[in-house]
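*Asks:* Residue-level listing of the chains:
Protein chains: 2
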Amino acid sequence: MRAQIITIGDEILIGQTLNTNAAYIGDALTKAQISVVKTIVVGDDETAILEEFKTSFDRSDIVIVTGGLGPTHDDITKSCIVKFFNSELVHHEEVMQDVKNIFLRRGRKMPDVNKAQALVPKIARIIRNQRGTAPGIWIKKNKKIFISLPGVPHEMKAMIDNDIIPELTKLNKNKDMFIKLKNLLITGIGESALFELLGDIGELLHGSRMAFLPSQFGVKLRITVEEAGEEVAINKLSEIEQKIRFKAGKYIYGTEDETLEGVVGRLLNERGLSLAVAESCTGGMISNRLTNIPGSSSYFERGIISYSNVAKVEVLKVNEDELIQNGAVSPESAKEMAEGVRSISGTDIGLSVTGILGPAGATKDKPVGLVYIGICDDKTCMVEQFFFGEDRLLNKDRASQAALDMLRRYLLGIS
Amino acid sequence: MRAQIITIGDEILIGQTLNTNAAYIGDALTKAQISVVKTIVVGDDETAILEEFKTSFDRSDIVIVTGGLGPTHDDITKSCIVKFFNSELVHHEEVMQDVKNIFLRRGRKMPDVNKAQALVPKIARIIRNQRGTAPGIWIKKNKKIFISLPGVPHEMKAMIDNDIIPELTKLNKNKDMFIKLKNLLITGIGESALFELLGDIGELLHGSRMAFLPSQFGVKLRITVEEAGEEVAINKLSEIEQKIRFKAGKYIYGTEDETLEGVVGRLLNERGLSLAVAESCTGGMISNRLTNIPGSSSYFERGIISYSNVAKVEVLKVNEDELIQNGAVSPESAKEMAEGVRSISGTDIGLSVTGILGPAGATKDKPVGLVYIGICDDKTCMVEQFFFGEDRLLNKDRASQAALDMLRRYLLGIS
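Here the protein sequences come in this chain order: A and R.
According to the working numbering, the residues represented by the first sequence are 32 to 446, in order.
According to the working numbering, the residues represented by the second sequence are 32 to 446, in order.
If we strip away everything but chain A, and leave its shape as in the complex, we get (with noise of 0.2 Å):
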């Protein structure tokens, strides 16, 4: 099955924002063996939308449309479906209702522009959205299959997981080439030393694929495997993935869609630990990430921002003439800044961060990049020293990753 994508938004046509939708189409596509071949954006007028849907209709077996689904007066996504099938709009009881709902958990009075939602074309099968009042399309014609979603990326994902991949799954049965991907997540060890690390690829790899995509928070290792036969293909992967763990396995922290602050969360409640944070130059970044987690509250006690000196002593009761003499940027006051969050909260374990992280605040002997990460328990104290970037932001992204790395070689006793 071909597939074609078509995004509806003048905002990305003049590239205000980023079609990050069409990327989570054609990935999760290709995931289920579907090729994308062609993605089109065109802006909120409806000739330039007639005319795609027609293109797009001809030439492939899935079309599957985003944006232009809302209340407003430029939204018109739907009054295009309705010309290009010819159809029209009918009221949908279950819509509305699943609209009213969602003014109604907010507390808030639904405006009666919001009745326009429940009007669907009536040539289409409705797909629920639980997150927001524009339903998703699904129309089968000629055997070729024309999905409209709202482009709010939140909505259209919930969408696209929960009930287009399974369905397009579903019909797309018969295929004899079978692809499998594999991500390695991995950090504390930056791109090319890792693929020195990796040693020859063409060997590890025997003609599958391997891509680096590194950021500030590590490297992702994306390996595609192809092969005829569906066990061959699983085996190839898992033979690759099983070489690189014996080569850089302490720097993988987690798979897909895992996220640093839940393997560490899931660490913390396997050996029924707690844990406090004291963080100065992340702002708060750690506790964030940590309690993003849902049952976070199980391991992670309290955080403490002590963004001033006077909270650095106040509250977790850092030694003032040392804090002083040393700094607040020195691995003596990132201990002290941990040891004292973990003996005010009583937890086993305490964290702690100072740096400085830019664009001001470099001294002649500490420059901009550098941070001090502590870890205490009750028996012992471990500080590490750690030079980043120039840039504000990606240093605080840069500071947790590494404090939320350190906490998870800590918890696995790797180092």
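Think of the hints as simulated: they come from the structure by calculation, not from any bench.
Just to be clear, a hint being listed does not mean it is correct.
The list treats identical chains as interchangeable, and a pair is accepted whether it falls inside one copy or across any two copies.
[Claimed, not checked] Pairs of lysine-lysine, DSBU-like flavour, derived with a Cα cap of 30 Å:
{"no.": "1", "residue 1": "Lys-140", "residue 2": "Lys-201"}
{"no.": "2", "residue 1": "Lys-278", "residue 2": "Lys-131"}
{"no.": "3", "residue 1": "Lys-174", "residue 2": "Lys-85"}
{"no.": "4", "residue 1": "Lys-85", "residue 2": "Lys-172"}
{"no.": "5", "residue 1": "Lys-213", "residue 2": "Lys-188"}
{"no.": "6", "residue 1": "Lys-146", "residue 2": "Lys-278"}
{"no.": "7", "residue 1": "Lys-274", "residue 2": "Lys-146"}
{"no.": "8", "residue 1": "Lys-131", "residue 2": "Lys-397"}
{"no.": "9", "residue 1": "Lys-146", "residue 2": "Lys-281"}
{"no.": "10", "residue 1": "Lys-395", "residue 2": "Lys-131"}
{"no.": "11", "residue 1": "Lys-114", "residue 2": "Lys-85"}
{"no.": "12", "residue 1": "Lys-281", "residue 2": "Lys-153"}
{"no.": "13", "residue 1": "Lys-188", "residue 2": "Lys-397"}
{"no.": "14", "residue 1": "Lys-204", "residue 2": "Lys-140"}
{"no.": "15", "residue 1": "Lys-140", "residue 2": "Lys-85"}
{"no.": "16", "residue 1": "Lys-251", "residue 2": "Lys-188"}
{"no.": "17", "residue 1": "Lys-140", "residue 2": "Lys-281"}
{"no.": "18", "residue 1": "Lys-274", "residue 2": "Lys-140"}
{"no.": "19", "residue 1": "Lys-204", "residue 2": "Lys-62"}
{"no.": "20", "residue 1": "Lys-146", "residue 2": "Lys-131"}
{"no.": "21", "residue 1": "Lys-213", "residue 2": "Lys-171"}
{"no.": "22", "residue 1": "Lys-410", "residue 2": "Lys-188"}
{"no.": "23", "residue 1": "Lys-171", "residue 2": "Lys-153"}
{"no.": "24", "residue 1": "Lys-171", "residue 2": "Lys-62"}
{"no.": "25", "residue 1": "Lys-175", "residue 2": "Lys-85"}
{"no.": "26", "residue 1": "Lys-267", "residue 2": "Lys-131"}
{"no.": "27", "residue 1": "Lys-395", "residue 2": "Lys-410"}
No experiment lies behind these values; they were computed from the predicted model shown.
Chain A is already provided as a structure; the job is to place chain R on it using the hints.
*Replies:* Using the frame of chain A, we list chain R on its own:
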């Protein structure tokens, strides 16, 4: 002049790489008053590429292609151009020297495969590449322009900025239409309620365009004015903005690339006020956002993430009996947390958030999505109640946005 952008590359189609090139070019063309009418992505496939060349060149005045100009076997854009224009490849000595110089500068031997980079379509004018080996290609035919650029973003960007846009601007001189854009950043009101508040959109815009771009952080209103005469366009844009501000001004926190945390930081700085934050359900996100702003240490004193009730009592001095009686998620607790964090920190303002963000934690009376936000200064406290959605991470975004916006309105004295 109307332009279309074609991006060539499997990695974009299957969602491994975001199409940042098309966004960059779309933005640059729009600023140069050239309308982008369509963006297309196709894979590394000759038939598909030739077909898009034909359709796009038929339908627009300018076609800009990126990708597929590298020296390896999967780069086929150049051979497609030769076929499409019925031209031939010829050796270009200046390009050859440029390529040799690049390897010379890097102290590396030039691999033979790079000789092919000096072969260019006879029909083309060359755009020199200062940063890589693939030259850009500029072809004029039937008063239309066809441009092909390398896909490496920094190479492409340099050529767009230094060569393509200046040239196209010269050609586009006799235009009489001026496009002006403005983005208004809005929060605290839903898309459809905002739509109703603005009233008759046709009357408001008088032929100009406006898009509603919603997210969990609010709504971005993008106004586009296109007029004969630059001053006319500027005046009309300003008139529309004023009308919107008259009706919805209190919800508008900024324009263009501003952030709410940046706006709040500026207001605190201007008023010489200091802030401490007590977060429960948002887990550090508010403090994290505030400290994203360089110089935030001048007003942000500390943050307390009182995730456990013990932390609320011990650190924030919330009354334990009342906490048990009212529950941690209550207007009383929000008030006590804001008062407490202000009092222990000695700041002018205390801000607090407590709520149930899901998936667990709901009770019979308190649903997932219920959040209380408190603000205290030395004279008074205020608490507001919010109902957000079901998704934990979106709720963190929404709650942090609502808290920062409540602080903004407090600082501006608007309710």
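*Asks:* Take the hints in turn and mark each one as holding or not.
*Replies:* Cross-check of the supplied hints:
For the identical chains of this complex, Lys-140 and Lys-201 are neighbours neither inside a copy (40 Å) nor across copies (53 Å), given an alpha-carbon limit of 30 Å. Proximity of Lys-278 and Lys-131 under a CA criterion of 30 Å is satisfied inter-copy only: 26 Å between copies versus 55 Å inside one chain copy. Taking the closest pair of Cα atoms, Lys-174 and Lys-85 come within 30 Å of each other both inside a single copy (15 Å) and across two copies (28 Å). Taking the shortest Cα distances, Lys-85 and Lys-172 sit within 30 Å of each other both inside one copy (13 Å) and across copies (28 Å).
For the homomeric pair Lys-213 and Lys-188, the shortest alpha-carbon distances inside one copy (20 Å) and between copies (29 Å) are both at most 30 Å. With identical chains, the CA atoms of Lys-146 and Lys-278 are at most 30 Å apart between copies only, with a shortest distance of 23 Å across copies and 59 Å within one. Taking CA atoms no more than 30 Å apart as the test, Lys-274 paired with Lys-146 passes between copies only; the shortest distance there is 27 Å, against 57 Å inside one copy. Proximity of Lys-131 to Lys-397 under the C-alpha cut-off of 30 Å is restricted to the inter-copy arrangement: shortest distance 20 Å between copies versus 57 Å within a copy.
In the homo-oligomer, the alpha carbons of Lys-146 and Lys-281 lie at most 30 Å apart only across protomers (27 Å), although the nearest pairing inside one protomer, at 55 Å, exceeds that limit. In the homo-oligomer, the alpha carbons of Lys-395 and Lys-131 lie at most 30 Å apart only across protomers (21 Å), although the nearest pairing inside one protomer, at 61 Å, exceeds that limit. Taking identical chains as interchangeable, the C-alpha atoms of Lys-114 and Lys-85 lie at most 30 Å apart whether they share a chain (11 Å) or sit on different chains (27 Å). Proximity of Lys-281 to Lys-153 under the C-alpha cut-off of 30 Å is found in neither arrangement, the shortest distances being 56 Å within a copy and 41 Å between copies.
Proximity of Lys-188 and Lys-397 under a CA criterion of 30 Å is satisfied inter-copy only: 28 Å between copies versus 44 Å inside one chain copy. Taking the closest pair of Cα atoms, Lys-204 and Lys-140 never come within 30 Å of each other, the shortest separation being 45 Å inside a single copy and 50 Å across copies. When the C-alpha separation of Lys-140 and Lys-85 is checked against a cutoff of 30 Å, the pair qualifies neither within a copy, at 39 Å, nor between copies, at 51 Å. In this assembly of identical chains, Lys-251 and Lys-188 lie within 30 Å of each other by CA distance both inside one copy and across copies; the values are 21 Å within and 21 Å between.
For a Cα distance limit of 30 Å, the shortest separation of Lys-140 from Lys-281 across copies, 19 Å, qualifies, whereas the shortest one inside one copy, 53 Å, does not. Taking CA atoms no more than 30 Å apart as the test, Lys-274 paired with Lys-140 passes between copies only; the shortest distance there is 25 Å, against 58 Å inside one copy. In this assembly of identical chains, the alpha carbons of Lys-204 and Lys-62 lie at most 30 Å apart only when taken from the same copy (13 Å versus 47 Å across copies). When the C-alpha separation of Lys-146 and Lys-131 is checked against a cutoff of 30 Å, the pair qualifies only within one copy, where the shortest distance is 9 Å, while the shortest distance between copies is 65 Å.
Neither within a single protomer nor between protomers do Lys-213 and Lys-171 lie at most 30 Å apart by alpha-carbon distance, with minima of 33 Å and 40 Å respectively. Taking the shortest alpha-carbon separations for Lys-410 and Lys-188, neither the intra-copy value of 46 Å nor the inter-copy value of 46 Å comes in at or below 30 Å. Within a single copy, Lys-171 and Lys-153 get their C-alpha atoms as close as 12 Å, which meets the 30 Å cut-off; across copies the closest is 48 Å, which misses it. In this homomeric assembly, Lys-171 and Lys-62 come within 30 Å of each other (Cα to Cα) only inside a single copy, at 22 Å, whereas the closest approach across copies is 41 Å.
In this assembly of identical chains, the alpha carbons of Lys-175 and Lys-85 lie at most 30 Å apart whether taken from the same copy (12 Å) or from different copies (26 Å). Taking the shortest Cα distances, Lys-267 and Lys-131 never come within 30 Å of each other, neither inside one copy (50 Å) nor across copies (38 Å). In this assembly of identical chains, Lys-395 and Lys-410 lie within 30 Å of each other by CA distance neither inside one copy nor across copies; the values are 35 Å within and 43 Å between.
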